[in-house]
Amino acid sequence: MNNGTSKLLHLIALLCVAAVAIALVSQHVFGMQPCAWCVLQRLIFIAIAIVCWLGLLLGRRSAGIRRLAALLVATLSVGGIIAAWYQYTVAANLFSCAQTFADRFMVQSGLDAALPWLFGIFATCSDAKVSLLGLEYALWGLGLFVVTGVLAAVALLRRK
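Residues in the sequence shown are numbered from 452 upward in steps of one, following our numbering.
Bear in mind the hints are in silico, worked out from the structure with no lab data behind them.
Here the structure is a predicted model, which means the values were calculated and not measured.
All C-beta atoms in this analysis are idealised placements derived from N, C-alpha and C, irrespective of residue type, glycine included.
Here are the simulated distance ranges between beta carbons:
{"hint": "1", "residue 1": "A565", "residue 2": "S513", "range": "32 to 38 Å"}
{"hint": "2", "residue 1": "A472", "residue 2": "L522", "range": "21 to 27 Å"}
{"hint": "3", "residue 1": "V597", "residue 2": "V541", "range": "15 to 21 Å"}
From just these sequences and the hints, can you work out the full model?
Next comes the structure, spelled out in structure tokens:
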């Protein structure tokens with residue numbers, strides 16, 4: 452097993468789990484209610500973590516599986532970058548993000564009703580515009596998606 456690639460996939464997964472944990476603490480402890488784009492990004496972070504850990508589990512003896520996992524993570528990271536950028540530049544300036552892609556996707560998937568503590572949409576995008584250490588949450592998410600994408604690219608391009 453390529454130790455470097457495995458460590459990168461573990462690191463990516465842990466960063467994503469930490470991001471979701473911080474979002475949940477912000478919501479349930481500090482009362483910062485999420486919008487549709489916030490919960491879509493949570494879903495992407497969770498998907499990235501799952502892909503990383505599945506890639507590690509299934510790719511114990513196969514570098515190809517780990518590379519495929521890294522490719523999927525890079526693709527999901529691009530999706531996360533787009534979601535965070537859209538939230539920051541467009542959705543946060545709208546009165547309501549109802550009927551945007553994120554809202555429709557989360558509602559039609561049923562995740563908002565099945566796991567409201569994790570995927571419930573409780574705020575509009577303009578109401579969810581909150582800063583942490585001087586940066587909006589959307590920008591923190593965007594930055595982390597960039598980091599996961601870069602780390603996935605490094606894992607993908609590593610030699611055996």
